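Student: Each chain, written out:
2 protein chains.
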Amino acid sequence: VLIPSLFLALLYVSCRAEDAAMEELATEKEAEESHRQDSVNLLTFILLLTLTILTIWLFKHRRVRFLHETGLAMIYGLLVGVILRYGIPSTIYHNKTPPSCSLKEGPVSTLLLNVSGKFFEYTLKGEINSREIHNVEQNDMLRKVTFDPEVFFNILLPPIIFHAGYSLKKRHFFRNLGSIITYAFLGTAISCFVIGNLMYGVVKLMQAVGQLTDKFYYTDCLFFGAIASATDPVTVLAIFNELHADVDLYALLFGESVLNDAVAIVLSSSIVAYQPSGTNTHTFDASAFFKSVGVFLGIFSGSFAMGAVTGVVTALISFFTKLHCFPLLETALFFLMSWSTFLLAEACSFTGVVAVLFCGITQAHYTYNNLSEESTKRTKQLFEVLHFLAENFIFSYMGLALFTFQNHIFSPIFIVGAFLAIFIGRASNIYPLSFFLNLGRRHKISGNFQHMMMFAGLRGAMAFALAIRDTATYARQMMFTTTLLIVFFTVWVFGGGTTPMLSWLHIRVGSTLESQEEEERAKQWQYVRVGVDPDQDLQPIGDNFQVLQGDGPQHEGGSKTKQESAWLFRLWYTFDHNYLKPILTHSGPPLTTTLPGCCGPLARCLTSPQAYENHEQLRDTDSDLILNDGDLTLTYGDTAITANGASGGHDGTRGEWGGINGKTEAAPERDSEAREHETTSRGTRLVFPVEDHA
Amino acid sequence: VLIPSLFLALLYVSCRAEDAAMEELATEKEAEESHRQDSVNLLTFILLLTLTILTIWLFKHRRVRFLHETGLAMIYGLLVGVILRYGIPSTIYHNKTPPSCSLKEGPVSTLLLNVSGKFFEYTLKGEINSREIHNVEQNDMLRKVTFDPEVFFNILLPPIIFHAGYSLKKRHFFRNLGSIITYAFLGTAISCFVIGNLMYGVVKLMQAVGQLTDKFYYTDCLFFGAIASATDPVTVLAIFNELHADVDLYALLFGESVLNDAVAIVLSSSIVAYQPSGTNTHTFDASAFFKSVGVFLGIFSGSFAMGAVTGVVTALISFFTKLHCFPLLETALFFLMSWSTFLLAEACSFTGVVAVLFCGITQAHYTYNNLSEESTKRTKQLFEVLHFLAENFIFSYMGLALFTFQNHIFSPIFIVGAFLAIFIGRASNIYPLSFFLNLGRRHKISGNFQHMMMFAGLRGAMAFALAIRDTATYARQMMFTTTLLIVFFTVWVFGGGTTPMLSWLHIRVGSTLESQEEEERAKQWQYVRVGVDPDQDLQPIGDNFQVLQGDGPQHEGGSKTKQESAWLFRLWYTFDHNYLKPILTHSGPPLTTTLPGCCGPLARCLTSPQAYENHEQLRDTDSDLILNDGDLTLTYGDTAITANGASGGHDGTRGEWGGINGKTEAAPERDSEAREHETTSRGTRLVFPVEDHA
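The listed protein sequences correspond, in order, to chains W and Z. Heads up: the first sequence begins at 1 in full-length UniProt numbering, then just goes up one per residue. Heads up: the second sequence begins at 1 in full-length UniProt numbering, then just goes up one per residue.
Hints listed in this document are in silico derivations from the structure and should not be mistaken for laboratory results. One or more of the hints may lead you astray.
Here are the computed lysine-lysine pairs in the PhoX-like style, where the Cα-Cα straight-line distance is at most 20 Å [what the hints assert, rightly or not]: (1) LYS377/Z to LYS322/Z; (2) LYS377/Z to LYS377/W; (3) LYS380/Z to LYS380/W.
Here are a few chain W residues that face chain Z, going by a calculated C-beta distance under 7 Å [said to hold, decoys possible]: (4) ILE46; (5) SER102; (6) ALA332.
Predicted, not measured: the structure shown is a model, and the values here were computed from it. All C-beta atoms, glycine included, are put in the ideal place defined by N, C-alpha and C.
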């Protein structure tokens, strides 16, 4: 379509204007007015966020838990939406309807407008349908308050997702990695197809009763399935965090929600990419299907590789330079490298958000260890603030969008069907997979945990961003409206019901800290809190561990399946710990001790002096305690394993534990949270230390 | 022009297309390609910044001082600009020229394009002239790498300016406030008119020798004067900071550069607003002139008020809520309120950048005292990172723009004239004003200091942003090119020559700290360093103080002028300290002690419990030490004043100094940097404590 020769034949038609100066002045006024309007709109959102922050403070101050900040942001957004929609007399906005001009060739990104011999440049914003043109006429104000959907994907989601990845450096996450991956990949796919098929039934029903006036294909239903499969239990997790609920349940929920966002976004791209050849473009076509599967695998692995590579490059840069003397430069570099991951992935047509997620995980795993103490704080805090602002902005925008979005299609049958479908979809994700996982897990996911996971299937920012990205067709508009309602309902009802649900399901909660401030600090900087959970022995369901039990002599049989499933992970862990960490970070054992003798010179060249120090001090900033000599025998529960059961990576008690090496400890205060699990490998004994589940 | 009825008569001409699906696919591809191109462009800048950071690290590591990070960023920008311009074969970009369409009515912000019955929405980017249309044809790539100039004003400048304001909370700044304001307001105005008039002479000369092909009015010359009067000695200040050069000189330079940015931006707006009525629009018109002066005063005071009010509101919010228990909420609120200042000012047609500057100063003065310790760090670090990134981005963009900007007009006469004019302009700012200021100052600004201030007249981000904002006319394009060259020259030559210049002018420098890391920390968190300057007594020019000497009995005569000029400031200071600080912050004396007895109940109601504590502990987070009882007699230099001469607000030594109250100290290590000056007022003795000049 874009044949160059066509465009070279430009036709500039000029019209004479009576007063060029007046014209110019009017243009300036127009531009100024537009800029002012933008400022006012942005100001509205900022004041909304300010109001939200102040109310959150009040709620936290008074320990109100039934409404989370995101729920609150939505309520305020709704109120402002109502005011904008009904409070401001719409007549004053009636007077501006954009003029139109026509062109034979397809739309281009840049358009020149010739007004009285002067040329003005215009940039493409997007296609609008005929319904919207009338809306343009109706209410310009509401349209102005509407953001470009790509803002969500390119500006607001990346910090949220990166922060999630950067917070994943948790023992309990890696202990439950197998289950998390199962839920996130297999579970999301199941949920997507279940919801998609159920919704196809609903659509058929709607067509039968004549409620559907426009096209709604099977691929649209599947797309809705992908949208509605991205869970975001931010409310639930905040309450878990505050109440110190079970750490493994927390890890399962958090890990699943982080990874299933990535899966859902790539899944939706693959569904959009499903373009069967031939005349009927909406029937099943095996080759197109496999192409979509290929797209899924390609985008996912590409984004994954992109994120991991940038993370590793950042780790290498921070490893080889002594940048940690300059925290500002270090933080700036960290920020830029993480952002470049996003752009690099987008430039290569992968998914930036997914790349940023894996970049965050890699940064947390490697780069974090090379940063100076101040930079670790700075980067954490920087992304924490960005994440907080972006998340609350999205949620208040959601509230606003319910009233200011111009093309809502409320279809009661579709909405009721969707609510049923997402519950069935979530159930067919959690319960069957939990059953199969429990076959392999030594520490089963109890029924109550499954119910809680089912309950925590909230939908949030990702579902919204996916739904708003494309609202061009009738089907997509109906989906958007429904998604919005699903988010409202789940955040308010399920989010608010978390505390009662926890006590109803008898899920153990820890003691609440004295003040939120302490908790915030503890969450960030204190890895281990021994005995934070005094009532856990009273709770029978506290027994929920997936032990990465090694092949040591103390291993008790009966979990052969478990052992096999952990084998691959153990292999990776050993490789990571012995080779990757020493090469990429200043922590971990020196390469000279882990590499075979023949690689001695290379190892010496790659090992930093710090590594030797760490080695001597038994220091490990990544909270993997290395015990090189001495077999410590320890009793926990009813099993004796050779490990020091107390808090290894604990910052504050490191001094105390320095001298304990080689001695046998009784450790009477040992509890399930402070238990250590170990795996033996090539002369290095790895103990998974206790880390708080923030 | 924008008559509603005209636009209601929309004419939608439809054209049939052969294959709508193909068309749609092509549009999607086009949009995707455009998005990818944007990602690549942004990625280029990010990699540029990354490279800059790594090189800065190398330079700091090796203590290279002749090239600052901003100068480096420009060099890398230049290199990338050369590659983009000449390295990439331009033929591949020849194929895209935007199509044009014509319209009778004036340009509007939103335009609809009708392509084969589908409507696409376009937004106005700006006017382009006929020259540029050909450039569009020539090289689309270079155009794409060019940012919208408003990005600089709305995204990049605010964090830089806010950070500058937020860093102004310095004793030496307030001690030299009178001189700083004189240089910034009067000096910038003088500089603007001197440069403007000189350039008008140059323009006349160019017209005489036939070098000027287009219109160039007197107002254009004045506009150039305003652009070129905004100094930005970031390079010099960085070296001052590193070498611990004289603190008062630092305060004078920094204060002047911060405030004259605000003056220059408002001055340029006023000059643009100068629109004489009548036929000849470029002759002098008294009413238009006074209107311009009115615009200047209106915009400046409006922006000032806007910034101050938002700052005070933030202080009040942080005062009345116990938000400091939640550092994340506090930081987010601080960020949002500071940003809303910008938007509020823009929405009210004031200047956002100026408002943000005064907001920063107010926040530093009041809100900062109410923040939790963690939030003070967080906010500082957050804005430090934003400032660092924005500044280096602007400077690397400058380097790039020299080659990628399409409408450079290199006029040798204009450029040489401009270089001469800015030096004469700077000289007629510094030398005469210093002479008059020295009449009033007790501690004169020495000749060498004046030469250094003259030398430090670098131009930077603000001059560039003002110049690039409007490059529509021939005159403006010539100005932009010249400004770019001025920035390059001053940053590289004067920036690089700072260290030799300092030693040539015999300006004392302190001992360099052991490592940059220590210095960074000291800069941020350590207010006082006593005796950092061991060789100052050897330097006769160390005697450069403007003493805010109070009206105590120990005051030595001979500086009546000084005393009078400080009277207004002292009045404000007393009012601020006794009333504003107690009302707005948790520091300062309790209102109950400063308000008259009749206001007792009100005072008790407004005074926070913390204030009493502070009062008792002699604690003052704003580093104004209050000594309520006991007259301490102290000898410094040859003057005895009643004050404790040592570091009052010093964080680390507060404990030591607690017991010193009421005793007489000899304080042998007292030096000019550690000297205390005091002013007595209503039962409260204010001692200006020592604070580091960061």
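Student: Next step is simple, just say for each hint if it's right about the structure.
Tutor: Taking the hints in turn, this is what the structure says about them:
For the suggested pair LYS377/Z and LYS322/Z, the alpha carbons sit about 18 Å apart, so the restraint of at most 20 Å is met. Restraint check for LYS377/Z and LYS377/W: satisfied, since their Cα atoms lie roughly 10 Å apart, inside the 20 Å limit. A C-alpha spacing of about 15 Å is found between LYS380/Z and LYS380/W, which places the hinted pair at or below 20 Å, so the restraint holds. The beta carbon of ILE46/W is positioned within 7 Å of a beta carbon in chain Z (closest approach about 5 Å), and the interface hint is therefore held.
About 4 Å separates the beta-carbon of SER102/W from the nearest beta-carbon of chain Z, less than 7 Å, and the hint is met. Taking 7 Å as the C-beta cut-off, the interface hint given for ALA332/W holds, the closest approach to chain Z being about 5 Å.
Comparing the model with each numbered hint stated earlier shows that all of them hold.
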